[in-house]
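Protein chains in written order, with the working numbering: chain F, 1 to 290; chain E, 1 to 263; chain V, 1 to 348.
Hints may contain errors.
[Claimed, not checked] Now the stretches of chain V that chain E is said to cover, found in silico as 3 or more residues with beta-carbon under 8 Å: (1) 65-78; (2) 215-229.
[What the hints assert, rightly or not] Which residues of chain F face chain E? A few of them, derived with a C-beta cut under 7 Å, are: (3) 24; (4) 92; (5) 99; (6) 123; (7) 129; (8) 130; (9) 274.
Hints were generated in silico from the structure; no laboratory data involved. Think of the CB as a built atom: it goes at the ideal place given N, C-alpha and C, for glycine as much as any other residue.
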Amino acid sequence: MAQPLGPGDARRAALLLTPAYLWLTAAVFLPLSAMLFFSLLSDAPFRGADWRFTLDNYRAFFATDVYATLLWKSLRLGLTVTALCVVIGFPCAWVLAKTIRGRAREALFLLIILPFWSNSLVRVFSWAIVLRGNGALDWLAGLFSSGDVRLGLLFTPTAVVIGLVHSYLPYVILTTYLALQAIDDTLIEAARSMGADRRTIFRRLVLPLSLPGLAAGAVLVFVPVVGSFMEPRILGGRFGAYFGTVIEDQFVAVFNWPLGAALSFILLAVVLAILSAAAPVLRRAQGAAA
Amino acid sequence: MREGGGWLSRLGVAWLWAVLAFLYAPIVVMALMSFNASPFYQLPFAFSTRWYADLWANAEIRAAALRSLVIAATTTAIATALGCAAALALFRYAFRGKALLQALLFPPIAIPWLITGTAMLIFFFGVGLGRGAPAVLIGHVALALPYVVIVVNARLASFDPTLEEAARSLGASPWMVARRVTLPWMAPGVVAGALFAFAVSFDQFVVSYFLARPGDATLPVLIYTSIRKGFTPEINAVSTIVIGVSMAALLAAARFSNFGGRR
Amino acid sequence: MTARAPRTAALAAAAILAGSAAHADQIRVLNWQGYGTDLDWAVAAFAEATGHRVVHDYFNSEQEMLTKLRTNPGAYDVVMINAAFTPQAREEGLIAPVDVSRIANFADIAPEFAGNPALAADGEIWGVPWTWGLTSFAINTAAFDAPPESIRVLWDPAHEGRVSIRDDALEAVQIAALATGQDINAIADLAAVEAKLAALMPNVRAFWSSENDWNQFMAAGEFDVATYWSGSAARSQAMGLPVEFVVPEEGAIGWLDGLSIPATAPNVEAAHAFIDWMIDPDFHIRWDEEGAPASANAAAAEALPEDAFNRAVLGDPEVVARVQFQAPVDDATRAAYLALWQRLKAAQ
């Protein structure tokens with residue numbers, strides 16, 4: 001366990017900590033500060049451009065409803081994908097943690113996390129091949145019905161949701177599984193012997209105890225999905241404009257880095273606000289379980 | 001919960017298999033299409049290995065794959081070294097500001113990569129480093145570092161300090177204690193942390209996308225530009241190889257450590 | 001030997017991490033994917049003739065091309081720029097003047113292209129005219145009995161969800177300008193253009209952003225009709241896709257593409273040689289067989305077979321009369337188009 005600092009320990013602790021935190025400072029904290037600075041500039045200060053401090057980039061967000069619409073669209077996408085991941089992932093984690101035992105469980109667990117090790121872009125593009133016209137899904141559907149089947153799923157918001165759920169589902173299964181596994185079976189046994197029915201056990205025991213894992217998984221899904229840009233670009237067709245794609249555009253195409261920085265900070269603020277709003281709810285749920 | 005044989009648990013197992021099918025369907029399709037002759041992914045299927053032959057001749061893809069491997073390996077080495085040191089200090093010593101230091105590990109994980117990546121782009125440009133492989137490496141290490149610290153810390157949390165106490169009282173030097181007691185205990189955590197670091201770097205797209213220079217692309221960046229600007233089944237072929245190799249590596253790693261949990 | 005192996009590996013790794021320095025024997029070209037400069041046979045022949053290996057990087061929009069130049073100084077030797085964007089690149093200091101005395105084929109460039117004010121300014125040449133062509137639309141011949149004669153076909157409800165346009169503000173606005181009967185270079189009623197595009201959206205399946213996109217989606221049968229470039233349509237036909245390029249009664253957008261040398265190009269010598277190679281008639285005649293835009297080189301244009309699309313259609317005075325050539329766009333107008341396009345996409 002941690003000991004109070006003795007003589008010489010301070011030096012040793014500093015020696016161990018400094019490289020890691022110096023690196024994080026240079027690669028994360030200073031860049032974020034630089035971005036904040038940029039978001040307040042009128043022009044990117046490169047190649048002798050004239051620049052001054054301004055709040056115009058933040059005003060631009062409110063000047064039209066384009067950005068607010070897209071931000072809301074991205075948040076809705078984040079919520080939809082997160083909810084689907086939780087609903088689909090929880091039963092999987094449960095079965096994995098409580099029904100299946102031994103080698104089979106180990107093998108299945110590996111199967112669940114293996115897709116993580118494949119390239120996420122390739123997985124998304126694979127969906128484009130599966131969902132497109134004359135693609136694998138149309139072909140499969142054609143086997144079950146007569147005639148030429150056109151599901152037309154590619155280039156729809158549904159395609160974006162499918163691709164994202166596919167990418168992030170393993171996170172939820174993983175974290176929920178770890179939480180469920182920690183629930184002692186004898187606790188459930190005891191509740192049952194005291195006459196609690198299945199629904200009560202789930203509501204009063206299993207759900208609260210697995211909530212930290214579910215919450216961790218949900219955060220791991222929600223945060224990247226809100227900022228996603230390549231999945232909508234590949235799968236979304238004309239519905240593919242999201243807040244993330246607009247930010248990407250500012251950096252790689254339009255070259256309005258100050259506006260991109262301001263939009264990034266607005267996204268960051270909204271994500272942090274949502275996470276901190278959700279924190280007390282989650283804490284209360286955990287408290288009820290104790 | 002003993003429900004073995006109940007309809008509910010059978011339904012649950014069926015659900016699990018359905019989800020697995022969902023997870024693997026596009027990967028299987030992708031692999032199959034790497035053997036399909038049509039450059040436009042048209043069906044019906046016609047078997048061909050031409051994309052693998054083309055891949056072998058494609059110097060750009062091979063260079064990108066090698067670059068990704070080198071960057072991932074270097075990231076792993078640096079992040080693991082720095083991360084283990086930090087984890088050890090955070091575990092060993094109590095000092096003011098420790099909670100803050102621990103909290104500072106989360107921004108790289110919790111902030112969307114889009115934001116981290118663009119911030120790095122701005123900063124590296126501002127300080128004159130610009131884009132390129134060094135910038136990519138700095139970024140990857142920063143993203144991987146917190147994972148290493150957290151994983152190693154979790155391992156250390158279950159460490160019994162009386163072991164060190166005992167070793168010391170038997171006359172072991174601090175160096176001996178570290179080498180013979182503490183480090184062996186850390187080892188599985190270090191391996192897990194290193195695996196994480198490698199995976200984070202090797203699959204990292206967003207940050208690399210903003211930081212890589214043309215001609216310096218990592219494999220994911222090359223794949224993205226190919227998807228958007230001219231995709232051929234060569235990319236399916238290289239992806240199939242990457243998936244095959246990483247699956248083999250993960251299975252090998254799984255033999256040595258127990259991913260599935262304690263039981 | 002064994003002791004040296006790890007050191008060699010470490011050195012190789014360090015070289016990779018240090019980033020790719022410009023090699024003397026290499027030239028880097030920035031262009032659309034699949035657009036002439038990256039043809040296997042041309043690149044191979046150029047390497048054999050001059051010893052320079054050609055390496056490509058691609059862009060997805062003119063905007064992205066400009067930003068790639070801005071953020072990757074020293075990374076490119078040759079860049080392909082649509083003449084409508086050349087003045088902007090020049091004003092931002094992204095490109096250097098081309099020394100035409102080092103380009104033997106420059107003398108054969110048609111005078112109306114060589115003197116184009118977008119490319120020739122301040123007594124210097126900022127981009128060597130390379131190719132020109134039309135932006136209009138192409139149809140999937142399987143979906144039509146007879147080719148349509150009006151651009152209105154894009155708005156036809158019969159093709160709902162079967163239409164595509166390029167994800168590009170300028171092109172979208174100019175297509176709508178044609179459809180509303182306006183001058184593409186001086187749009188008087190931008191509100192009508194926006195309304196026209198808004199009305200198009202329900203028909204749109206997806207936005208395409210590269211030739212490869214276009215071909216893949218056409219092959220998958222996702223589109224009936226999609227905006228396209230004349231040279232690219234010829235290429236798609238040559239690949240065996242059931243495609244026909246249409247110049248409707250409302251007219252088409254004419255464009256001129258030039259080859260420029262970035263201000264920070266590391267290999268200026270080879271860049272000039274490559275540009276000369278690209279405007280050579282021999283290159284163009286062979287490219288035309290696979291499907292190419294029209295050459296800005298008069299000698300090349302005359303050397304084409306009589307029935308070549310670039311001679312038969314683009315040489316037809318009736319077609320040429322309907323073409324409106326793109327003029328450079330100033331910053332304020334471009335910003336207005338971008339905002340309009342972003343609004344339309346966000347509303348989906």
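For each hint, the structure was consulted:
no.: 1; hint: 65-78; verdict: holds (count 6)
no.: 2; hint: 215-229; verdict: holds (count 4)
no.: 3; hint: 24; verdict: 6 Å, holds
no.: 4; hint: 92; verdict: 5 Å, holds
no.: 5; hint: 99; verdict: 5 Å, holds
no.: 6; hint: 123; verdict: 6 Å, holds
no.: 7; hint: 129; verdict: 5 Å, holds
no.: 8; hint: 130; verdict: 5 Å, holds
no.: 9; hint: 274; verdict: 12 Å, violated
The earlier numbered hint that this structure contradicts is number 9, and it is the only one.
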